[in-house]
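**Q** Chain by chain, the residues run as shown.
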Amino acid sequence: MTEAGKNGNSDGSMGQMIKKRVKLVIITFVVVILMALILMLSTEDVSIAPFVYAIF
Amino acid sequence: MKNFLATVLTIFITVIVCVGMLEAVIRIMYSQKLDYQVEMSRYAGSLKRDSANYDIGHEHRPNKKAHLMGVDVTINSHGFRDKEYPVEKPQGVYRVMLLGDSLTFGWGAKQDRIFAVELERKLDKYFKTAGKNMKVQVINTGVGNYNTDQEVSFYEYRGRKFKPDMVILNYFINDAEPTPRQKSPLIIKYSYFAMWLWGRIDTFKRKYFSNEDYSSYYNNLYDDSRPGWQKTREAIKRLVEASKRDGFTLALVMLPELHAVGETYGFQDINDKVRAAAIEAGVENILDLAMRFKREAPESLWVSPDDAHPNEKAHAIIAQGIYDYVTSREIIK
Chain B
2 MTEAGKNGNS DGSMGQMIKK RVKLVIITFV VVILMALILM LSTEDVSIAP
52 FVYAIF
Chain F
8 MKNFLATVLT IFITVIVCVG MLEAVIRIMY SQKLDYQVEM SRYAGSLKRD
58 SANYDIGHEH RPNKKAHLMG VDVTINSHGF RDKEYPVEKP QGVYRVMLLG
108 DSLTFGWGAK QDRIFAVELE RKLDKYFKTA GKNMKVQVIN TGVGNYNTDQ
158 EVSFYEYRGR KFKPDMVILN YFINDAEPTP RQKSPLIIKY SYFAMWLWGR
208 IDTFKRKYFS NEDYSSYYNN LYDDSRPGWQ KTREAIKRLV EASKRDGFTL
258 ALVMLPELHA VGETYGFQDI NDKVRAAAIE AGVENILDLA MRFKREAPES
308 LWVSPDDAHP NEKAHAIIAQ GIYDYVTSRE IIK
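Taken in sequence, the protein lines are chains B and F.
Start counting at 1 in the first sequence, then tack on 1, and there's your number in our numbering.
Start counting at 1 in the second sequence, then tack on 7, and there's your number in our numbering.
Excised from the complex, chain B in its bound form:
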């Protein structure tokens, strides 16, 4: 294989790797934000809670 071919393959796999990482970052970001949102919305109504929620 020529040097150019080698570089071309290397560029290609580097591009693939970056794509994979970006995908991973987006998925992780969405999962964390979604979990926080679910937690917020599912515990929004605390108006009838007894005063046992205080943290010491």
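Since the hints were made in silico from the structure, they are not lab data.
From the three backbone atoms N, C-alpha and C, an ideal C-beta is built for every residue, glycine too.
Any given hint might turn out to be false.
As the list claims (entries may be wrong) - Chain B stretches covered by chain F per the calculated footprint, using a threshold of three residues with CB under 8 Å from any CB of chain F:
1) 18-31
2) 37-45
Said to hold, decoys possible - Computed list of lysine-lysine pairs in DSS-like fashion (alpha-carbon distance at most 30 Å, straight line):
3) Lys-24(B) - Lys-251(F)
4) Lys-40(F) - Lys-170(F)
5) Lys-212(F) - Lys-20(B)
6) Lys-212(F) - Lys-40(F)
7) Lys-21(B) - Lys-9(F)
Said to hold, decoys possible - Part of the chain F face toward chain B, derived, beta carbon under 10 Å:
8) Met-8
9) Asn-10
10) Phe-11
11) Ala-13
12) Thr-14
13) Thr-17
14) Ile-20
15) Val-22
16) Val-26
17) Met-28
18) Val-32
19) Trp-203
20) Leu-204
21) Ile-208
22) Thr-210
23) Ile-286
Fit chain F to the known structure of chain B by using the hints.
**A** Then chain F, alone, in the frame of chain B:
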């Protein structure tokens, strides 16, 4: 292996960035809107500390200030949300000591509008009108999350040094809970997101994995087999003994749960049970304030829509109720 480590590192860094963003969002959100759990956590972090006395559990840090639940809070050198008092009772002073929890402390109410201050003003005026050459001091020893056992322990170890002429035990429905020993992680002191997460996970667990709603939660506290309720009854007996030993007049005031007030009080059975236990323990002066609120819309009495602590209007009603009771029955002399 290298690929796996890179993946884990990517996820880790992304989560850290997300947490940082959520921290910022929650700080902005709660700078506009007060949240009970976040504010209570800030209270614990800024004003509370472990007590050297195991039975008291926790106490206020002396000489501290904070802005909590929208109001300024100043703690005096004795650890009370009150003005300064010498331990030694001056000549010509009638001292009333209030024992209680966050309701007595005045959570969410301005310092000069809490019922301890209102009551002092009213009683002082009453003494002047009656021609008594005496000043009245109403000492507010309320600390958030105290139960009756802790309040009585506080009196036994520290309160009695102030030689009160009258002690008012302010009783709230959750006072039969066992003494809290749980500690939150240190990060909660510094991170709003951690406070929020901790509180919401706790709420989530209670809401979806517990069979108790708030009403059955309270009712279950008063099962005769529950250690918290047993301790509460013992504590009331200890306070009656202290009143005989130290020579003060004892009154027990039941403060209502402000979700349940109206033409009929939703927890009257519990109040009747507390009254019966107090009578059995030897308490002669018992005031149930639930009916004082029967014409009020519950929400109009709350500090905020998600926090049913008494607001300034409710504090004024409590002060008037206690004043009417102690003056009409000549409990205060």
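**Q** Please go over all the hints and tell whether each is borne out by the structure.
**A** Structure-based check of all given hints:
no. : hint                   : result
1   : 18-31                  : holds (count 5)
2   : 37-45                  : holds (count 5)
3   : Lys-24(B) - Lys-251(F) : 74 Å, violated
4   : Lys-40(F) - Lys-170(F) : 42 Å, violated
5   : Lys-212(F) - Lys-20(B) : 38 Å, violated
6   : Lys-212(F) - Lys-40(F) : 24 Å, holds
7   : Lys-21(B) - Lys-9(F)   : 15 Å, holds
8   : Met-8                  : 15 Å, violated
9   : Asn-10                 : 9 Å, holds
10  : Phe-11                 : 12 Å, violated
11  : Ala-13                 : 8 Å, holds
12  : Thr-14                 : 6 Å, holds
13  : Thr-17                 : 5 Å, holds
14  : Ile-20                 : 8 Å, holds
15  : Val-22                 : 6 Å, holds
16  : Val-26                 : 8 Å, holds
17  : Met-28                 : 8 Å, holds
18  : Val-32                 : 9 Å, holds
19  : Trp-203                : 8 Å, holds
20  : Leu-204                : 8 Å, holds
21  : Ile-208                : 7 Å, holds
22  : Thr-210                : 4 Å, holds
23  : Ile-286                : 26 Å, violated
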